[in-house]
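> Residue-level listing of the chains:
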Amino acid sequence: MIVALALLGYAALLLTASPAALARARWPESAPRLAIAAWFSLTVSAVASVLAGGLALMVPTVRVSADLSGLLAACVMALRAQYAHPGGAALTGAGAVLALAVLARITWCTARALAQAARARRNHRLRLSLVGRPDPRLGAVVVRHHDPAAYCLPGHGARIVVTTGAIGALDAGQLRAVLAHERAHLHGHHHLLVTLAGALSAAFPRVPAFRIAAEQVARLAELRADDAASAAAHRLAVAGALLSLGAGVPAAALGAAGTADAARVRRLIDGPAAISRTRAVSVAFTAAGAALVPLLILAGPAASARGMNYCPHGPAVAAQSAAAAPAAALHRR
Amino acid sequence: MRSFGELEAAIMDRVWLVGRPVLVREVWAGLRPEREPAYNTVLTVVEILYRKGWLAREKDGRAYRYRATVAREDYTAGLMGEALEASPDRVAALRSFVGRIGPAEARQLRKMLDQAVREGS
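Chains C and B supply the protein sequences, listed in that same order.
The opening position of the first sequence corresponds to residue 1 in this note's numbering, with each subsequent residue numbered one higher.
The opening position of the second sequence corresponds to residue 1 in this note's numbering, with each subsequent residue numbered one higher.
If you're looking for bench data, these hints aren't it; they were derived computationally from the structure.
All C-beta atoms, glycine included, are put in the ideal place defined by N, C-alpha and C.
Hints may be right or wrong, so weigh each one.
Stretch-level coverage of chain B by chain C, calculated; a stretch enters the list once three of its residues show a Cβ under 8 Å from a Cβ in chain C [to be verified]:
#1 21-27
#2 41-48
#3 93-106
Here are some chain B residues the structure puts well away from chain C; computed CB gaps all over 10 Å [to be verified]:
#4 G5
#5 P37
#6 A56
#7 E58
#8 R62
#9 Y64
#10 M112
Take the sequences, apply the hints, and build the full model.
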């Protein structure tokens, strides 16, 4: 019971305290890949804690004993004791329902999001084949169209698409930057990361932490691709390409203007602040630690219970003494 | 071996290029120097495009004349608009290089960028 509460409490703590802090932090700007890992560590640990908490509610008093028969006996006794009063049975039921419901909801939403994205891409790829001409020199499909645009179509049969309008609006370095940016998306499988984070947010729309995580993962994937493009071209070439393609469209097409994209340009102009080694190591440890805590909560009582005999009159003890008796007898001879 | 989608694309390309209702024979002849598809293959694919709604046709003697139902520019514009429209589904399906940057902000950023380029060189 205490273990279950600790796990659920830890999940609640992860989901309320840390997202705002992580979203406000400055260091992800200089280490987007590490930050993506941190976001996944946070959300996955929270989900794992809820699942483990549900399981812990089902079997609240199990002690780990040195041998298997002892463990089984303890399990049987614990379950018998649990079902002996109606509250225990209700608790077990609640734990099972919680764990199963969370697991089923996540599986369903993830499968649906992946299938939807794959279908949308296949559809687009087929229609693109009518007007796109592969350009082996660019490693991209070129579409004759006056509006400047560039994007990548990930997944099966992945490709990068640029319009002639974009090629006309960019100089050689900027075009190289755009292509490197899109290649980084494809190589980093960013579409999967974004889809997974989005599916978690869609599965539990009332948990703001998952929505923030989805937004941040999408934003950080762009920063990561910008960094790869900066390595292939120059960061100012990436900034120039962003401005040419982002602002080169008539105002009619202006929807919710992306302040995130303006921030990308500013970040590239300012130049990246390198992340300190200490900071990187401490973030990596925190992220790994967050994932380990649920395991430790589960293992703590188990370790302290190890070796103690909680069932002096249980069948396991009887079996043990029965097994020991002939050996002792043999010894005496 | 040419993929099926590529032949469809080549045929639509021909129809759009000619710009008036064409016979299947003309489409086939237009493909000839580069590709060598059989006439019947071209006929089959043209009929598939007709059934999909990309081509319309009218009787001309014993044969049909085909024309594209949408102009190439409109088709492309629709496709690109779909690619860059920022609906949540699309965001996961494809990743656009950049969204829209407002004109006022773009001017300010352009000024900052020009200054950075001058200082750098």
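> So, for every hint listed, does it hold in this structure?
Checked hints:
1. 21-27: Violated: only 0 residues of the region 21-27 of chain B have a Cβ under 8 Å from chain C.
2. 41-48: Violated - the region 41-48 of chain B has 0 residues with a Cβ nearer than 8 Å to chain C, which falls short of three.
3. 93-106: holds (count 13)
4. G5: violated (4 Å)
5. P37: Non-interface label stands for B:P37: nearest chain C Cβ at 16 Å, farther than 10 Å.
6. A56: holds (16 Å)
7. E58: Answer for B:E58: holds, closest chain C Cβ roughly 22 Å.
8. R62: The claim stands: B:R62 keeps its Cβ more than 10 Å from every Cβ of chain C (closest is about 29 Å).
9. Y64: holds (21 Å)
10. M112: violated (5 Å)
In terms of the numbered hints stated before, the structure departs from hints 1, 2, 4 and 10, listed from lowest to highest.
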